[in-house]
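Please put together the full structure from these sequences, using the hints given.
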Amino acid sequence: MREGWINAVILALLAAVPLAAWALDEPFVITLATKVAIFALAGVGLNFVLGFGGLVSFGHAAFFGLGGYAAGILASHAANYEPLMSWPFVLEGSQQMLVIWPVAIGVSALAALVIGALSLRTRGVYFIMVTLAFAQMLYYFAISWPSYGGEDGLSFYVRNGFLGVNTFDPLSFFTICCGLLLMALGLTDVLRRSRFGLALEAARQNPQRLLSVGIRPYGVQLVAFVISGALTGLAGALYADLNRFVSPNMLSWHTSGEIMIFVILGGVARLWGPVAGAGLYILLEHQLGGISDYWQVYLGLLLLVVVIFARGGVIGVLARKQDHD
Amino acid sequence: MTEVLRIEGVTKRFGALVASDDVSLDLRAGEIHALIGPNGAGKSTLIKQIAGELRPDSGVVRFLGQDVSRLDVAARARAGLGRSFQVSSVAADFSALQNVMLAVQGASGGVYRFFRPALKDAALREPAFALLARAGLAGRERVLASELSHGERRRLEIAMALALRPKAFLLDEPMAGMGTEGATQLTDLLDELRHEAPILLVEHDMDAVFRLADRITVLSYGRVLASGTVDEVRSNAEVRDAYLGEDA
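Protein sequences, first through last, are from chains V and F.
If you count the first sequence from 1, you need to add 5 to reach this note's numbering.
If you count the second sequence from 1, you need to add 71 to reach this note's numbering.
Some hints could be false.
What the hints assert, rightly or not - Chain V regions said to be covered by chain F (calculated; three or more residues, Cβ under 8 Å): (1) 78 to 88; (2) 194 to 203; (3) 221 to 232.
As the list claims (entries may be wrong) - Far from chain V, some chain F residues (derived; all Cβ distances over 12 Å): (4) T73; (5) A216; (6) R265; (7) D276.
What the hints contain is simulated information worked out from the structure, not anything from laboratory work.
Heads up, the beta-carbon is just placed ideally off N, CA and C, and yes, glycines get one too.
Spelled out as C-alpha cells, the structure:
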C-alpha cells in the first residue's frame, strides 16, 4: 500500500471517530480523540528532529510543559484580573487562544534555541542525556516554584476562547486541535521537501559529507530543533486547555518518553507516524487499561516488537517502501 | 604555472607517531599531482589537514594565495576545495540526484530556504542532472545511493565534488576497490577534470598514477621521500626501495 493511502485512512479515522461519538452522544470518546490529536501534534514536533534530523531528543517534555504553563499562567492571570507584570509596562494575562498560542510557541522556541545551542555540541548518547537534563531542570524548577502551584500544578476553570467558538463543546475543541495538527503536518511536509529539509536529512545521514559540500550541520540542526520545540510547545498549550490544568508532570521525563513512544510506534521519519502512534497509544491505554492496571507492560512488549522487528512502526509495516525521488 | 594550493612545513603528531613530518608541496593550475606512498605513510592525514578536518600542529595551508589554516571544512569547501573520501561518503538514503542537488545547494548557498520544494527547483535540478551525466551516471539519477555499485558511488562523489565548482580537487583513492574497467573509465574522467581544476590525487593504482600524474610526491613515514616529475620519481632509487619495488 502507498503511504499516501495509509495517511488518508488515518485522517479518515481521526475525523470519523469523534463524529460518530458526537452522533452517539459519547463526549468522552471525543475527548480521547482530542487527546490523540494533541499528542500527535507533540509527536510531529519531535519527529521533525528525531525522524528527519536523526536527533534523539529525550527532553521534549520541556517544550510540552512550557507551552502548557504559558497557557495556564496567562489564563489564570486573566481569570484573576492580575497583570503578569506592571512594570516597566503592564502585561495582562489572556484567555484567548489566539494570544496564548503565539506566546506558547515563542516561549518554547526560545527554550529550544537555548537548549539546542548547547546540546547540539554533543552527539549520540550525550545528546540524549543533555536534553534530558535540561527538561529535568525545568521539571524541578516547576515543582519548587510556588507561585504557580508548585507540585500541585495550576488549575484554571474556564477553557480559553477561540474567536466566537464555544470551546467547551468537545467537538469544537477537537476541530481546533485537529486543524492545528493538520497545519503542523502540512508545515513539516513542506519543510522536509525544501532545501532546508534536504540539508537536515543529509545532516542525519552523513554530517561529514554535508560539511564537505560547504554546509555546517550545526545551524541546520539548531533551526530544526527550534521549529520542533515550537510545535511541541503548541501541543502543550492545547493539552493545558484540554485539561484546564497544568502540572510539573507535563515537564517530567515520562512525558518525553511518551512523546518518543508516539513517534516510534507510528514510524520514525514517517510524516503521519506520530498520528498513528498517538492513536494506537490512546487505544491501548483504554483497551488494555480496562483489562489490567499493568497495561504498560504490554505497551513495553509492543515497543520491543516494533523496535526489533518493525523499525518503520505501524506505517512502516503497512507501507513498506519509503517514497523517494 | 600558477600555484593554486600550497602547504608549507605541515607537521602533525599523534602521540609518538609523526603522521606528517614537515611536509611541503604545491598544486599548480592544470596539473594532476599524485601523492603516493605505502599504507600508513600519512597520505590521508595530509588530505584531512588540507580539507580542514584536522588541524596541523604547525605549518600553513595556503589556498589561492590565502592562508586557510583557520577555516573549517565547510568554509574551505565553499572557498573551492572539492573533496572525495577514501571510503565512499554519500548520503545513503538519498537518491544519486538528491546527493548531487545537496552539493549544488552547498555551492550556491540558500540552505535556509524553507518553503519551495527542493526537488522541483530547476536551479538545483538541472545542474545536478548535468553533473551526473558528466560523471557517467545518466539514467541512474533516481537510484538510492545505497543501491549504487561501488564504482558508481565513487563517481557520484566526483559529481558532488564537481558541483562545488572547485578551484582544486582533493581525491583520496578514487579508484579504490574498482574493477579494471571502472578504473579505466574513471581515469579518463580525471584526465578531463584537470582542465577544470587541478587535482591532488592520492592513489594506489600505479597504472592510473603513471598515466595521469604530471608530478608525483612520495610520502614515507610522514616525510616527503621524493617529489618531481613521473620520470624523476620512477628512477629514484630510494623510492624504488621504499615503495615501487624492482619491477616498476
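How the hints compare with the structure:
1. 78 to 88: That given contact is violated, which follows from only 0 residues of the stretch 78 to 88 of chain V lying within Cβ reach (below 8 Å) of chain F.
2. 194 to 203: holds (count 8)
3. 221 to 232: holds (count 4)
4. T73: 23 Å, holds
5. A216: 9 Å, violated
6. R265: Nearest chain V Cβ is 20 Å from F:R265, so the label holds.
7. D276: 23 Å, holds
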